[in-house]
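Novice: Residue-level listing of the chains:
There are 2 protein chains.
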Amino acid sequence: MSSIKLYQSSASPNSRRVRIFIAEKAMDVTSVAVDLGAKEQFSAGYLAINSRSMVPTLVTEDGTSIGEVPAIWRYLEEVHPAHPLLGSTPTEKALITLWERRAELDGFIAVMEAVRNAVPGLKGRALAGPHAYEQIPELVERSKARVVNFYADMEKRLADVPFLAGQHFSAADITALVSVDFATRALSIAIGADQPSLQKWYDTVSARPSMSA
Amino acid sequence: MSSIKLYQSSASPNSRRVRIFIAEKAMDVTSVAVDLGAKEQFSAGYLAINSRSMVPTLVTEDGTSIGEVPAIWRYLEEVHPAHPLLGSTPTEKALITLWERRAELDGFIAVMEAVRNAVPGLKGRALAGPHAYEQIPELVERSKARVVNFYADMEKRLADVPFLAGQHFSAADITALVSVDFATRALSIAIGADQPSLQKWYDTVSARPSMSA
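Protein sequence lines correspond, in order, to chains A and B. Residue numbering for the first sequence follows our numbering, starting at 2 and increasing by one per position. Residue numbering for the second sequence follows our numbering, starting at 2 and increasing by one per position.
In short, the hints are calculated from the structure, not lab data. Please note: incorrect hints may appear among the correct ones.
Which copy? The list can't say, so a pair holds if one copy fits it or any two copies do.
Unchecked claim - Mimicking BS3-like on lysine-lysine, the simulated pairs with C-alpha atoms at most 27 Å apart in a straight line are:
(1) Lys201 with Lys157
(2) Lys157 with Lys40
(3) Lys6 with Lys40
(4) Lys124 with Lys145
(5) Lys145 with Lys26
(6) Lys6 with Lys26
(7) Lys26 with Lys201
(8) Lys145 with Lys157
Put together the whole structure using the sequences plus the hints.
Specialist: This is how it looks when you write it as structure tokens:
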């Protein structure tokens, strides 16, 4: 068993982003399940690991807790540079940061926003984290429109290049794939019949063994 | 004159994040002003550099366009590692990514959201980028509440450590400082008399020569 631990939940799309990353790099990380259904993320034990009650959290060999997916990724890539997913050259590193960020801000966060502002069980918890915020129903439709635009932007981009950041599979594809799956499942926004490049990319990426991690 | 060019605007807080970063690293980058008042970001010339009409954009020596602040930062740090602002060790790199991200998601983006959903001149342009979205007035108050919580979270953090990511000044402090200045100016949310740690950090960081860049 590895002394690096990932606290995560199978129900959490953010956890999935890290699980895929670890599988792609074939890293040895010990997975610890956090039961969101039982509200384990609010328990004293978990708060000691992540004071914001969010999953996933990585705990390094020296006991440092790291939350937030891009921060966890950065750590893993630094300690295990083989099979780079954040790029090799300065330009590649920048372009992967750029495209991963767009997939997250335009895709992932928009899906999350549509879900959290709609689900009855998240009343008063419209944003993840330590603070309480009321839902804004009007935001649900705007967020869905953003997801639709995200798909259209992806279609345009993927007509030019095989992967989101260019010629190689990267962390940008992980965030985009998880966002599409999340949108399809939670918002019934599926890839359109008029989006062949997005569909081809989806089929290629989702066939990677890491995607079931 | 450097062959790396930064397209930016003095009125853009995101541009300021990059100007400060460059000043801290004492890098030679040619600045090109984009006149947002004259809507130059929508001109054909600028669209060829950034198809999303956003500032800032960095154009590298080989002509690659890089948008989005963290992507620009990553490029600059890779080609000019001296005076690191994104960390030196794997743990430092991860923690700076983590704290910079929190400053951006909880601080910077909340301020921006409060502004863009309120300003009459941004009707139909509630989100930056290529797509049109209507303003949601209800979001203004929620965003302001988030900024207030961001200050409170910073106060708590800065009671323990001198800088946001720990013992050293980093990119996390740049985003946080720009967010506080932006919130103070645009939303009249100033640091509270009951927030001495935040105030002390603010005074220390804003005294750095780079802050006027």
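Novice: For the identical chains here, do Lys145 and Lys26 meet the 27 Å Cα criterion within one copy, between copies, both, or neither?
Specialist: neither (33 Å within a copy, 41 Å between copies)
Novice: At most 27 Å between CA atoms: does that hold for Lys145 and Lys157 within a copy, between copies, both, or neither?
Specialist: within (19 Å within a copy, 35 Å between copies)
Novice: 27 Å Cα cut-off: does Lys201 pair with Lys157 within a copy, between copies, both or neither?
Specialist: within (13 Å within a copy, 48 Å between copies)
Novice: Can you give me the call for Lys157 and Lys40, within, between, both or neither, at a CA distance of at most 27 Å?
Specialist: For Lys157 and Lys40, the Cα distance is within 27 Å only across copies (25 Å; inside one copy 41 Å).
Novice: Is it within, between, both or neither when you check Lys26 against Lys201 at 27 Å Cα-Cα?
Specialist: within (24 Å within a copy, 43 Å between copies)
Novice: Can you tell me if Lys124 and Lys145 fall within 27 Å by alpha carbon in one copy, between copies, both or neither?
Specialist: Both: 19 Å inside a copy, 19 Å across copies.
Novice: One pair to classify: Lys6 and Lys26, alpha carbons no more than 27 Å apart. Within, between, both, or neither?
Specialist: within (15 Å within a copy, 35 Å between copies)
Novice: Go through the copies and call it for Lys6 and Lys40: within, between, both or neither, with a Cα cutoff of 27 Å.
Specialist: Within one copy, since 20 Å is at most 27 Å while 49 Å is not.
In this structure, the one hint that does not hold is number 5.
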